[in-house]
Amino acid sequence: MKWIYKRIINSVVAWVAAISIAFIMVKVMPGNIINVLIINYVVNYHVPYQQAVQMVTALVGYPVNQPLWQAYISYITNLLHGNFGRSINYDTPVSVLVANTLPWTLLLVVLSLLVSVGLGIFVGLAMAYYRNKAHLVNGVKLGLSVLNAFPNFVLGVIFFYYIGYTYHLLPYEGAYSPGVVPGLNLNFIGSVLSHYILPVLTMSLTLFPGWAFSTMGTATSVLKDDYVTAAKARGLPSRRILFSYVAKNSILPIYTSIPISLAFLLAGAVWIESIFELPGMGYYLSVALGVRDYPLIMGYYFVIITALILGNLFTDFTYSLVDPRAKVE
Amino acid sequence: MKLLEVQELEVFYGRVKVVSGVSFSVEKGEILGIAGESGSGKSTIANALLRILPESAYIGEKSKVLYYGNSDVGEDLTKLPLPVVEKEVRWKEISMVFQGALNSLNPTLRIRDHFVETAKAHGLKDKDEIMSRASKLLEMVRLDPKRVLSSYPGELSGGMKQRVLIALSLLLNPKLVILDEPTTALDVITQREILEILRKIKADLNLTYIIITHDIALLADFVDRVIVLYAGRIAEEGSILDIFSKPLHPYTVGLLSSVPKIGQFSEPVVIPGSSPDYRRLPPGCKFHPRCPIAIGGICDKQEPYLNSVNSSHMIACHNYKLVEEKGVEIYGR
Amino acid sequence: MASSAISRRVRSSLNSVSSILKALRRNRIAFAGFIILLIYVGIAVVAAAHLLPKIPPPRVGYSNIYAPPSLNDFPWYLLGTDYTGRPLLLILFYGTPSILLVAFIAALITVVVGLVLGLISGYIGGNVDVLISTIIDIALTLPTYVLALILVVVLPISLTNDPLVLAGILSVTSWAGLARAIRSQVLSLKRREFIDVAKTIGFSNFRIMFGDLARFMAPYIFINLLVGMIGALYGYVGLAFLGLLPLSSENWGVQLNEAVSAGGAIYTSRGVASLWSSIVIIVLLQLSLISLTSATDEIFNPALRRAVEEESPMEEVSPG
Numbered sequence: 001m002k003w004i005y006k007r008i009i010n011s012v013v014a015w016v017a018a019i020s021i022a023f024i025m026v027k028v029m030p031g032n033i034i035n036v037l038i039i040n041y042v043v044n045y046h047v048p049y050q051q052a053v054q055m056v057t058a059l060v061g062y063p064v065n066q067p068l069w070q071a072y073i074s075y076i077t078n079l080l081h082g083n084f085g086r087s088i089n090y091d092t093p094v095s096v097l098v099a100n101t102l103p104w105t106l107l108l109v110v111l112s113l114l115v116s117v118g119l120g121i122f123v124g125l126a127m128a129y130y131r132n133k134a135h136l137v138n139g140v141k142l143g144l145s146v147l148n149a150f151p152n153f154v155l156g157v158i159f160f161y162y163i164g165y166t167y168h169l170l171p172y173e174g175a176y177s178p179g180v181v182p183g184l185n186l187n188f189i190g191s192v193l194s195h196y197i198l199p200v201l202t203m204s205l206t207l208f209p210g211w212a213f214s215t216m217g218t219a220t221s222v223l224k225d226d227y228v229t230a231a232k233a234r235g236l237p238s239r240r241i242l243f244s245y246v247a248k249n250s251i252l253p254i255y256t257s258i259p260i261s262l263a264f265l266l267a268g269a270v271w272i273e274s275i276f277e278l279p280g281m282g283y284y285l286s287v288a289l290g291v292r293d294y295p296l297i298m299g300y301y302f303v304i305i306t307a308l309i310l311g312n313l314f315t316d317f318t319y320s321l322v323d324p325r326a327k328v329e
Numbered sequence: 001m002k003l004l005e006v007q008e009l010e011v012f013y014g015r016v017k018v019v020s021g022v023s024f025s026v027e028k029g030e031i032l033g034i035a036g037e038s039g040s041g042k043s044t045i046a047n048a049l050l051r052i053l054p055e056s057a058y059i060g061e062k063s064k065v066l067y068y069g070n071s072d073v074g075e076d077l078t079k080l081p082l083p084v085v086e087k088e089v090r091w092k093e094i095s096m097v098f099q100g101a102l103n104s105l106n107p108t109l110r111i112r113d114h115f116v117e118t119a120k121a122h123g124l125k126d127k128d129e130i131m132s133r134a135s136k137l138l139e140m141v142r143l144d145p146k147r148v149l150s151s152y153p154g155e156l157s158g159g160m161k162q163r164v165l166i167a168l169s170l171l172l173n174p175k176l177v178i179l180d181e182p183t184t185a186l187d188v189i190t191q192r193e194i195l196e197i198l199r200k201i202k203a204d205l206n207l208t209y210i211i212i213t214h215d216i217a218l219l220a221d222f223v224d225r226v227i228v229l230y231a232g233r234i235a236e237e238g239s240i241l242d243i244f245s246k247p248l249h250p251y252t253v254g255l256l257s258s259v260p261k262i263g264q265f266s267e268p269v270v271i272p273g274s275s276p277d278y279r280r281l282p283p284g285c286k287f288h289p290r291c292p293i294a295i296g297g298i299c300d301k302q303e304p305y306l307n308s309v310n311s312s313h314m315i316a317c318h319n320y321k322l323v324e325e326k327g328v329e330i331y332g333r
Numbered sequence: 001m002a003s004s005a006i007s008r009r010v011r012s013s014l015n016s017v018s019s020i021l022k023a024l025r026r027n028r029i030a031f032a033g034f035i036i037l038l039i040y041v042g043i044a045v046v047a048a049a050h051l052l053p054k055i056p057p058p059r060v061g062y063s064n065i066y067a068p069p070s071l072n073d074f075p076w077y078l079l080g081t082d083y084t085g086r087p088l089l090l091i092l093f094y095g096t097p098s099i100l101l102v103a104f105i106a107a108l109i110t111v112v113v114g115l116v117l118g119l120i121s122g123y124i125g126g127n128v129d130v131l132i133s134t135i136i137d138i139a140l141t142l143p144t145y146v147l148a149l150i151l152v153v154v155l156p157i158s159l160t161n162d163p164l165v166l167a168g169i170l171s172v173t174s175w176a177g178l179a180r181a182i183r184s185q186v187l188s189l190k191r192r193e194f195i196d197v198a199k200t201i202g203f204s205n206f207r208i209m210f211g212d213l214a215r216f217m218a219p220y221i222f223i224n225l226l227v228g229m230i231g232a233l234y235g236y237v238g239l240a241f242l243g244l245l246p247l248s249s250e251n252w253g254v255q256l257n258e259a260v261s262a263g264g265a266i267y268t269s270r271g272v273a274s275l276w277s278s279i280v281i282i283v284l285l286q287l288s289l290i291s292l293t294s295a296t297d298e299i300f301n302p303a304l305r306r307a308v309e310e311e312s313p314m315e316e317v318s319p320g
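Chains as they are written, first to last, in the working numbering: chain A, 1 to 329; chain B, 1 to 333; chain C, 1 to 320.
Read the hints as simulated data drawn from the structure, not as lab findings. Heads up, some of the hints might be wrong.
From the structure, some residues in chain C lie toward chain A, with a derived Cβ separation under 7 Å [what the hints assert, rightly or not]:
{"#": "1", "residue": "L89"}
{"#": "2", "residue": "F93"}
{"#": "3", "residue": "P97"}
{"#": "4", "residue": "I138"}
{"#": "5", "residue": "T141"}
{"#": "6", "residue": "L142"}
{"#": "7", "residue": "V154"}
{"#": "8", "residue": "F241"}
All figures in this text were calculated on a predicted structure; none of them were measured in a lab. We treat Cβ as the ideally placed atom computed from N, Cα and C, and that holds for glycine.
Given only the sequences and the hints, what does the whole structure look like? Please build it.
Here it is in structure tokens:
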């Protein structure tokens, strides 16, 4: 059990470090943003200096004219209380914006992860199983490599333009059709899901080849393992062997790649949500980046980091439950 | 009474022939040993019997593997459709004990799952009955069922895994058990134990064994009859007495003499040369490049047939009379 | 003697180069990828050396923007014009050197930092290892692209115009995965005999680390260089696509961005050439890098790669 504590401590250290980096980026880095904001208020809005300082304090969420260490402590305290400052662009507390946009991004990321991993494992297992049909496998490998070569935003642009805009095959703008009332009704859910088809497809098509290749690699070596031959000798049907022997032993080593995919998906959401106008964190982050809305940027950074660390922890814990070989003493 | 009769077995890996013209039979209740160095085709023959050869390998058309079971009529196992082999032959009639220290058990399944899935694959669905049978078998191999059944393979030692594999092989009351290197990679004490267990089980359950090994001591200790394999062909075949007291093939002589004996003061024999490359086998006798008594003009041109010397002893060598005469001295000792 | 030792080293490197070329020729796709990469490099060199005709000044007006392909001033108007009224093909060519440079430097930083930290941490061990491992763990939790997006915005434009700074931004935490993998590999290699032999002969730690150990992992390092380029290319074009980099129409990502935004290519049929040219030039480069990656994989010892990856989570082949 000791390793769980070690992992948690590691995660907390990483989390604190990441948060501090955000603090450093805004306060300390060249191009001192705080000063820029203050000066902006004083010069462009003719606000007296003291008031400007107060306004910027409200914006970033910690007192800006205090010495470094004090400001840092206030920063952390405010964070833990859920005070992330106030968005310059939208004049709303960052926490509110985050709360409103997080669900949309979560939906995109979770759906894409499920589709990518599921499809990737399926194709990877198939490629390993049919490795004797060399031409088929090589063709699939080529197709996967081509998919891999497309940055997800490029594929998103293509889907947006051709499948959406030109031929109107699938919804391509927004999270649900105008006129649909949000709520727990079938109409709304259906509309949302249909609007998410293209974004999820874009993300998944560019993510799943990596999973397919990894799975193919592990499955190919598992197929050569002795316990597979021994299982055949016992007369076990191929279906049983494929699932309980090959799949089970192939998926476990690549389970730990899930956090990597998660990080990629969270970053990719910035592009995909922008292209398909989904009202999620990614879209708002891209806008905030464009207008230099620092409080909002940092707020989203915080959420993404926390999500990744939690995701990592979750993967580690569940892995030991899933893999009997990793039974911790 | 014959249990198994192999006729002209040929196995190809792709285009390479790795087993050629192998014929032998196994009597009910006997222990047959198949001996040879690594790569001589021993495991290939065993795999061919159960038809678990890898995908790129196949059995030659002319080969016949006649299994008699309880009747007088033999079924050719090589011609049976695969689903029939899967359900009726594998494990029900013929089972196999792989090398336990290897990865022969699924690391992600508990031991009891191995038993249950095997039984289910052959139509046995009653979980309680399966578990009670499994427990009895595990006790027979001197393991604690309660502890072992709920364990994962990773938690068991090599010797324990070997015994689990033996117990597993008996689950469906087979008549013939093939044991592939059952004692290799085990320490000497465990080896002894395993052999004792195997002897007892054989007596209790009326089993027939085929033992595949390169361990001479195991052969001497355990088997009734020996087939010596070289380059996928039978070099010599005989009872344990025939082979050990009067070996007739130069390869057998070299094999036996390469193990130092207590009280022997001469140096053990090292057979010159290296194992054959199946893609480029020499013409004539496959052993002749390494043979100290090869006869030019005969051994390098004509492959020797398996000839009977007496009722139990068969030899495939042109020059075996010289071996009869000189014994281990043919290697200059 | 020193000179014969040097000539021996040169000869052995040439031998491995020729064996690489021979292996490339066997794998036709990889060979094609290699040629394509060379073409890109050639274009970059030609553009950087000012051997291309100068870009004409921007021209406004409906007939000039996104003009359809024509045979004017062959071959520069083959793709028509972009949103500034200038020949698209020429513009894209001019964009090549900076993109390749930034991607390469970013990959180089990733590999060098990852290699050095991994070697030192694994080989020296002790408190140094604890310190560096903690840094690696922290860097692992920070997503490269998100940080890059933010840094590009937070840092002043005077800095982000510099390709070196951009390369640094794109590789700010991407070295962490490689560092961890190399550290694991070093830890297991440390116990092997050839290290003991080297120590007995009296090789310095530095020489053992960066000579023998690094050479042992050279194929893996090379593959990671290619993978790093793929990732950096994705990030660089992506940053431009979002409009976060100073607007310069030579950047392929900017072209793509312009194509998608209002008044852009997708809303007029004339802009299709612009859209697809940007797409093709990006994807083709990625494809060639990917095919080289898989070829290098096949050429060099696959068991080596498996050994390293088994001790660390598998990296994506490409961010896609």
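### Query
Measuring from the C-beta of F241 of chain C to each C-beta in chain A, is the shortest one below 7 Å?
holds, 6 Å
### Query
Holds or violated: is the Cβ of I138 of chain C closer than 7 Å to a Cβ in chain A?
holds, 4 Å
### Query
Is the hint on L89 of chain C kept, meaning its closest Cβ partner in chain A is under 7 Å away?
Violated: closest Cβ of chain A sits about 19 Å from L89 of chain C, beyond 7 Å.
### Message
Less than 7 Å between beta-carbons is the criterion; does L142 of chain C satisfy it with respect to chain A?
### Response
Constraint on L142 of chain C satisfied, holds at 6 Å.
#### Entry: Minimum beta-carbon distance criterion (7 Å), T141 of chain C to chain A
At about 4 Å, which falls below the 7 Å cut-off, the nearest Cβ of chain A leaves the hint on T141 of chain C intact, so it holds.
### Message
Under 7 Å is the threshold here; is the Cβ of F93 of chain C close enough to any Cβ of chain A for the hint to stand?
### Response
F93 of chain C check fails; min Cβ-Cβ to chain A is 19 Å, beyond 7 Å.
#### Entry: Proposed interface contact between P97 of chain C and chain A, which counts if any beta carbon pair is under 7 Å
violated, 20 Å
#### Entry: Residue hint V154 of chain C, partner chain A, criterion CB-CB below 7 Å
holds, 5 Å
Hints 1, 2, 3, counting from the list given before, are not met by this structure.
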